[in-house]
Amino acid sequence: DQQVKQNSPSLSVQEGRISILNCDYTNSMFDYFLWYKKYPAEGPTFLISISSIKDKNEDGRFTVFLNKSAKHLSLHIVPSQPGDSAVYFCAASLSYNTDKLIFGTGTRLQVFP
Amino acid sequence: DVKVTQSSRYLVKRTGEKVFLECVQDMDHENMFWYRQDPGLGLRLIYFSYDVKMKEKGDIPEGYSVSREKKERFSLILESASTNQTSMYLCASSSVTRVSYEQYFGPGTRLTVT
Numbered sequence: 691d692q693q694v695k696q697n698s699p700s701l702s703v704q705e706g707r708i709s710i711l712n713c714d715y716t717n718s719m720f721d722y723f724l725w726y727k728k729y730p731a732e733g734p735t736f737l738i739s740i741s742s743i744k745d746k747n748e749d750g751r752f753t754v755f756l757n758k759s760a761k762h763l764s765l766h767i768v769p770s771q772p773g774d775s776a777v778y779f780c781a782a783s784l785s786y787n788t789d790k791l792i793f794g795t796g797t798r799l800q801v802f803p
Numbered sequence: 858d859v860k861v862t863q864s865s866r867y868l869v870k871r872t873g874e875k876v877f878l879e880c881v882q883d884m885d886h887e888n889m890f891w892y893r894q895d896p897g898l899g900l901r902l903i904y905f906s907y908d909v910k911m912k913e914k915g916d917i918p919e920g921y922s923v924s925r926e927k928k929e930r931f932s933l934i935l936e937s938a939s940t941n942q943t944s945m946y947l948c949a950s951s952s953v954t955r956v957s958y959e960q961y962f963g964p965g966t967r968l969t970v971t
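Sequences listed follow chains A and B, in order. Residues 691 to 803 in this note's numbering are what the first sequence spells out, letter by letter. Residues 858 to 971 in this note's numbering are what the second sequence spells out, letter by letter.
Where hints are given, some of them may not hold.
Stated by the list, open to error - As a list, the in silico SDA-like pairs of lysine to any residue whose alpha-carbon atoms are at most 25 Å apart:
1) A/K727 - B/M911
2) B/K860 - A/A731
3) A/K746 - B/R967
4) A/K727 - B/K927
5) A/K790 - B/P918
6) B/K927 - A/D789
7) A/K790 - B/V970
8) A/K761 - B/R901
9) B/K860 - A/P730
10) A/K790 - B/M911
11) A/K727 - B/K860
12) A/K727 - B/G873
13) A/K727 - B/K875
14) A/K790 - B/M884
15) A/K790 - B/K870
16) A/K695 - B/D916
17) B/K860 - A/K761
18) B/K860 - A/N697
19) B/K914 - A/N717
20) A/K790 - B/L898
21) A/K746 - B/K910
22) A/K695 - B/K927
23) B/K912 - A/P730
24) A/K727 - B/K870
25) A/K790 - B/D885
26) B/K870 - A/P730
27) A/K727 - B/N888
28) A/K727 - B/S865
29) B/K914 - A/T716
30) B/K914 - A/G773
31) A/K790 - B/I917
32) B/K875 - A/N717
Source of the hints: derived by calculation from the structure; they are not laboratory data.
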């Protein structure tokens, strides 16, 4: 039972345009969400996070939006750069078990010139 | 600068061999985790440990065991490697006193079982 879903396995975007990566979840007890970026042959690195008490968090070119009623979050990258090409994982944390993260299946983003 | 290191980047083992994957973190973190990453399946938690000598099963513990004798070190053991354990193995750590819920990952070990 996949509690965190990334329904698009891949996304291709032109450099300079916006990249939108989506994530859906099923468990209403998730109260904290994170995005990680992973390059080939490297471990995932933390990108940005959002608490369930917020609906938006911004850090430079990266913005995460949370729609609790729809159980949906998205990561916007503006403008997209070739160095953003990587696999992106969303992850969620339960309010009663904050030590564990539940990860999505990942979306491979390719930014082309 | 936070650091999680894994003993090998690439490993090739034969079916039936006993395999040890080692992970060391230098951040004095209480929590340590082992995941495997497979295409289309994302990161799946194998085991985690919230203290020395403490362990808890994750989502896919079958065929694996772990050991945590020291706070900074967390080992994953494949008692008898099988081909379906060919995967990328990722170790992570986190602090219970963290400001965010971020986990810090090592570079991964690509294990091939033939």
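Out of the numbered hints, which ones does the structure contradict?
The structure conflicts with hints 1, 3, 4, 7, 12, 13, 15, 17, 18, 21, 22, 23, 24, 30, 32, although it agrees with all the remaining ones.
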